[in-house]
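700 is the number of the first residue of the sequence shown in the working numbering; add one for each residue after it.
Worth flagging that the hints you see were computed from the coordinates, not collected in a lab. A couple of the hints might just be wrong.
30 Å max Cα-Cα, derived DSS-like pairs, lysine-lysine [as the list claims (entries may be wrong)]:
{"id": "1", "residue 1": "K832", "residue 2": "K704"}
{"id": "2", "residue 1": "K832", "residue 2": "K846"}
{"id": "3", "residue 1": "K704", "residue 2": "K734"}
{"id": "4", "residue 1": "K832", "residue 2": "K734"}
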Amino acid sequence: MQFLKPRYLFEPPAWFYPRLLVGAGEMLTPAFVRKYGITHVINCAYPEHSPDWFRNSFPNRYACLNAEDSIATNILNWYPLFEETLTSFLREPGSNTVFIHCQCGINRSAFLTLTYVTSHYGLPYESMFGMMKRQRPCMFTNPVFRKQTEEFVNGRIQNSEDKGNRG
700 MQFLKPRYLF EPPAWFYPRL LVGAGEMLTP AFVRKYGITH VINCAYPEHS
750 PDWFRNSFPN RYACLNAEDS IATNILNWYP LFEETLTSFL REPGSNTVFI
800 HCQCGINRSA FLTLTYVTSH YGLPYESMFG MMKRQRPCMF TNPVFRKQTE
850 EFVNGRIQNS EDKGNRG
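Let's have the full structure, built from the sequences with the hints guiding it.
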């Protein structure tokens with residue numbers, strides 16, 4: 700029955716930076732956690748998009764953002780909490796890989812992580828976008844999120860009503 704799996708489950712997760720792995724919530728199995736050395740999880744979607752077992756087993760190493768994926772949404776509304784959570788997880792003693800996911804590992808988790816690595820590590824947005832897209836081609840389909848994050852990283856701060864349009 701593998702032919703019934705959606706494309707986003709066939710593509711591997713993407714390494715955005717050492718210790719930062721992005722993919723789909725369905726990937727989060729005990730075997731996946733062992734394979735990638737995952738110690739912490741950030742679910743950028745809703746609780747139902749992440750298996751119960753991880754958050755029940757490691758409630759202090761799991762966070763859920765409840766971010767919305769829509770062209771009518773500003774993904775940056777969730778960035779301050781994402782940034783604070785990821786920075787905290789990375790600094791915890793014994794922290795290894797942080798798995799960042801949303802429902803499909805395509806938009807919310809990808810754009811929030813891209814914004815983080817380009818902002819925190821000074822990596823160029825366009826080249827990081829291209830490298831990540833080559834690792835996981837199904838990512839980055841929301842054009843509004845792309846415009847919002849690209850402008851944020853390049854120094855134009857937007858308010859929550861801004862949909863990424865230049866004014």
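Evaluation of the provided hints:
1. K832 x K704: At roughly 20 Å apart (the allowed maximum being 30 Å), K704 and K832 satisfy the hint.
2. K832 x K846: 16 Å, holds
3. K704 x K734: 21 Å, holds
4. K832 x K734: 22 Å, holds
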